[in-house]
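> Okay, here's what each chain looks like letter by letter:
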Amino acid sequence: MELLALGDTGYGDELLFGAVITMKLAVYGFLLALVFGLALAVFALKGKGPRWWLFRVYASVFTGVPSLLIIFLFYFGGAEIVRGLLSPLGIRVKLDVSPFAAGVAALALVYAAYLGDLIRGAILNVPKGQFEACEALSVPRRHLWFRIVLPQALRLALPGLANTWIVLLKDTALVSLAGLNDLIAQAKIAAGSTKEPFMFFTAALLFFVLISSLTLPLVRQVALRLERGQRRARV
Amino acid sequence: MTFDLALAWENMPALMAGAWTTLLVTVTVMAVGGPLGLLVSFARMSRHRGLAFFGAAYVAVCRGAPSLILLYLIYNGLAQLDIVREGWLWLLFQHAFFCVVVAFSLNHSGYVVEIMRGGMEAVPAGLIEAAAALGLSPRQVLWQIRLPIAVRYGLKAYQTESLIFMKSTAAVSAVTLTDLTAAANEIFYLTYDPFTPILAAGFIYWVINNAMRLGFGWLDRRLNRHLAPA
Amino acid sequence: MEFAGLDRYPAVSMERVDKWYGRYHALRAVSLTVQRGEKLVICGPSGSGKSTLIRCINALEPHEGGRITVNGILLGPDRVSVLDVRREAGMVFQQFNLFPHLTILDNCTFAPRTALKMDKAKAETLALRYLARVHIADQAHKYPAQLSGGQQQRVAIARALCMEPRIMLFDEPTSALDPEMVGEVLRAIEELAADGMTMICVTHEMGFARKVADRCLFMDQGEIVEDAPAATFFDAPKSDRLQAFLAQVLK
Amino acid sequence: MEFAGLDRYPAVSMERVDKWYGRYHALRAVSLTVQRGEKLVICGPSGSGKSTLIRCINALEPHEGGRITVNGILLGPDRVSVLDVRREAGMVFQQFNLFPHLTILDNCTFAPRTALKMDKAKAETLALRYLARVHIADQAHKYPAQLSGGQQQRVAIARALCMEPRIMLFDEPTSALDPEMVGEVLRAIEELAADGMTMICVTHEMGFARKVADRCLFMDQGEIVEDAPAATFFDAPKSDRLQAFLAQVLK
Amino acid sequence: ADKVIIGNEGTYPPFSMITPEGKLIGVEPELAEEMCKRMKVTCEFAIMDFKALIPSLLQGKVDVVGSQVTPTPERKEKALFGIPVVYNPDTYVVRKGKTYEFTPAGLKGVRIGVQRGSAMATFITSQYGDAPVVSLYDNPDQIKLDLLAGRIDMTYGAKLNWTAELIDKPEGKDFELAGGDNWSGDTSIAPEQRGSSWIVRKGEDELIAKMDAALKSMLDDCTFTQIRKKYLSVAIVAAEAACVAKEG
Ligand SMILES: Nc1ncnc2c1ncn2[C@@H]1O[C@H](COP(=O)(O)OP(=O)(O)OP(=O)(O)O)[C@@H](O)[C@H]1O
Ligand SMILES: Nc1ncnc2c1ncn2[C@@H]1O[C@H](COP(=O)(O)OP(=O)(O)OP(=O)(O)O)[C@@H](O)[C@H]1O
Ligand SMILES: [Mg+2]
Ligand SMILES: [Mg+2]
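Here the protein sequences line up with chains X, Y, C, R and F, keeping their order.
Position 221 of the first sequence, counting from 1, maps to 221 under our numbering, and the rest follow consecutively.
Position 180 of the second sequence, counting from 1, maps to 180 under our numbering, and the rest follow consecutively.
Position 233 of the third sequence, counting from 1, maps to 233 under our numbering, and the rest follow consecutively.
Position 90 of the fourth sequence, counting from 1, maps to 90 under our numbering, and the rest follow consecutively.
Position 203 of the fifth sequence, counting from 1, maps to 203 under our numbering, and the rest follow consecutively.
One chain only, chain X, in its complex shape (with noise of 0.2 Å):
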């Protein structure tokens, strides 16, 4: 046990900083993928048009390849992408791609395909009435969206946000595959070194279910929160 512990005996510490930058890549990635996925969801909010369409194309590409494919492309081929497309424009940049931005990238755009489903499905389920009534009332677009539809969409779509977290901190572990110091990365080094694969691997294990398991509690305080005013007082 004393291969855990914190500091210069043990890969505790090691294991520490590949936790926080594998929360840091989740919590960065999902952040950037709720934008990305709000404004998705608001673009191809509208019945089968164009922009449908073109949220189809975008999502049925993102989500039907495995987001390792992704990021590996990214991380390989993303300098040359980006430079692909800055060079029409005569922009000439020295740019190398991070695993750690390799990975946001990948997640944030993989995950805004699913999120943006969800959410744009919650907004969907937002009563008309409440749009009417909004209209009705002559209050303007941006409280109607911040104030009145996006809250009531977000108590809806809570139970799938959680989900695509949990899912989204459980991917992060690949981008290890490209060769970022997370916790997993840190797991097959101090595996590697000595040779003590299930101690590590355990650790890692219950890292990512204690993470997952203190994330419904939160959610269902979240929930509570934005359930306000809806349960009936029980009389």
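FYI, nobody ran anything at the bench for these hints, they're computed from the structure.
The reader is advised that the hints may include incorrect statements.
[As the list claims (entries may be wrong)] Here are the computed lysine to any residue pairs in the SDA-like style, where the Cα-Cα straight-line distance is at most 25 Å:
(1) R:Lys117 <-> X:Trp145
(2) X:Lys195 <-> F:Lys51
(3) X:Lys48 <-> R:Tyr24
(4) R:Lys122 <-> X:His143
(5) F:Lys216 <-> F:Gln193
Using the hints provided, position chains Y, C, R and F with the ligands relative to the given structure of chain X.
The following block gives chains Y, C, R and F with the ligands in isolation, referenced to the frame of chain X:
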């Protein structure tokens, strides 16, 4: 960014062999993990406290753990135990494929439990009461009314999970199986071409993904015939 | 009918029945006897315990105190006789509660086949007979979602009849319907009543009550406040509470 | 009131208005003038276009042909004047459509604060005044789900009044309510009517229509079939269709 | 170049490993540090999976692969190889008491484990075709576990490592080396020049020349051998011969 068509074509047999492994793993795990999840979902919803706790813990671990780690612990971890290695279990656990099926089925079934539970809870109480009022026994109500309706409710969520899970089978390369991703990586290591093998494999995944989607769509139409307009 | 002696028992008898939801006292020492063939209408304000009362008769809710017997079968707090009682009493709900994934015909044959182990052909003949009785046999192969509310409710009635119960319980069978569909469902119930079936019906359709009911109950706060023949119930209500209620409902 | 000349315009005028839902012709050359202060009740069978009519007045639905003017503001097919028109006409929906995550008070202050940029204190004073007018000021800090249907509908009325519209549109304001709660909402509307506000109300509450309406319309299949003062409308319906309708609704 | 990024795997004892303090140690990192000193450049290590090393080099993410790379024709097409830093011949590891004939017929149905993406894997397929059952692993540790567990009959890999990591250890008592020393690399290379090297991108001729010069000077003044001795008792390149002889 260049896609080397000749290279992709030349390696098609290797990629197809990988895709076959991917499919085989996916289908086997769905066949094992689905019923397993159903079983555990009964424990999860049971009034018996011990069973319910077991169900909750099962979901927490199986759903929370990355399948890569789960797989590693089962494949390499169990092999360290003498009881496993010297008993009849070894006949099974010595095979990477078997370990893959176990690990992924645990993971997959963790999701199935929650999907089933959600579906079962969403069945309107009125339907269950109506069945009870018709004199059906609780067992008949469960199997003939609640379950069939819950399955319909859960189908969409199950589709999403299955598609994500199919893609996550890329982790099986960690235990010597050469699936589609591994096959693409082999080509990558030999050629160091960063685009061709990945894009080719990506395309095959995309095809598998959409084939599964079509399958689910067909199932959905069959099961939800009753919602179609007359 | 098989039991010659059956007629000696009342269809339903409740003696000082108490029902609690947690700490809420939903039925307070309710006593009630319904004779065979009688048509009983129950009304009362929301939350007064009407649904609870008829759900107790059908053992959909367990009761905590007192005795309930249905066609002579005692429904003790031990609830061993639940299935027997449920075969005596068919129930029609406000929300229809048809099984959405089964066709109309399957909805009707489902319980006879699974609970009574009736064979398919016989169950279908039976189902078509009762569907015809509520004038809806031509829809037998559709699914519930393809019918209007009024049609769905008539299917629900046929489905309950297929178990050949001796008593029918209706819990606000028309209150989830569009005004235009209320009529067709009430007509179907009226026809049943004319056949001599024992019926207990929670409803606020006063016109219907006047026409069909032998007896009306008024409930408030878990108690039966007034219990009178239909005529006097409406025209000479005794209690203040019923007077106030009728004044409001009849505007 | 600010415009001295305003009284010269009718509150609402529709000239040969056509409305299509895809290929379905929902309003067929409807013409209608509502004078300021007038109380208009619209009735008719389901699907006859009642909701469509009042939603067109409020520009919730665009119309395809004809002219609609509201207090003299022309609502052309170009719809540039939508916002102006919506400030003239408040609307109360069948399903209340309160914002479930905002308190009653916030529901009422939300539009004045966002659309009119009113400051918080002023908006709250206003809201409490209108909540008091529908007798519900004491519930201001609850959430909609904690109120009964009747109370929710009264909040919806107060919310619309907070925008100080000159015309109120009601689309079946009581048909989603339990029978006991209909009364309280109708009373609140009656009080408004007594204050002299212009009102257009889709409803099947004939008692209410008789008491409050100056004029009644009967619609069928997208057309106004009968347009008469309340008294003659009920007691001497001219068209066969209205006669049949009244016969059915009044049982 | 003032700053050179050196890619290393960190999980290949005794050549490369990471201490509990998180420090990269082993024969190769220490040699590399000394080399950098002599080249008067600052070096930085990037630790990653062996499989990611060459792609990272090609993409410019690292400047040098500082983990021994066996020259194969495909690799030589993509990168410049320095002088050998280790001649680590490949050999088979088998269960004691089993004898195999190392021909396609002799290995028919035999289960062999090799590392994915390695020169060894290519060697096995080119030698025996599909006669043996080849299992591919991400790293040698997994091969060792499966060898011990009995999932595979033999492995083929670097002799020095397998000796240090299995044969010399108590758990390796049932295993032995077999099949002699083999060269999995480019067979066109003369036997005395064989060995694995550090590599740089094509076109970086100046860098590789400076590296080679620094390494040569380390070999000449026996610093190379001193560093090696901290971890390994036997010589790892032919060029060490003089130093080894001097010390007796
Ligand atoms: N499952 C339950 N748990 C707790 N309280 C309940 C439950 N079901 C009913 N109640 C309460 O019991 C009382 C009687 O309910 P019941 O449904 O019998 O009323 P009702 O007369 O049928 O009213 P309604 O006309 O609204 O259907 C109500 O106050 C209700 O809140
Ligand atoms: N958004 C829509 N798209 C297509 N058809 C519509 C739409 N809204 C209404 N309709 C159709 O237009 C017709 C008139 O509808 P409207 O809602 O105005 O009727 P209504 O008189 O208000 O009926 P109800 O009493 O049921 O509310 C109906 O046939 C309806 O099906
Ligand atoms: Mg009730
Ligand atoms: Mg309408």
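> Hints first: check each against the structure and report whether it holds.
Here is how each hint holds up against the structure:
Distance hint between lysine 117 of chain R and tryptophan 145 of chain X is fulfilled; the C-alpha atoms sit about 17 Å from each other, no more than 25 Å. For the suggested pair lysine 195 of chain X and lysine 51 of chain F, the alpha carbons sit about 20 Å apart, so the restraint of at most 25 Å is met. Taking the CA atoms of lysine 48 of chain X and tyrosine 24 of chain R, the gap is near 21 Å; set against the 25 Å cutoff, the hint holds. Our distance criterion of 25 Å between C-alpha atoms is met by lysine 122 of chain R and histidine 143 of chain X, whose separation comes to about 19 Å.
For the hint pairing lysine 216 of chain F with glutamine 193 of chain F, the CA-to-CA distance comes to about 14 Å; that is within 25 Å, so the pair holds.
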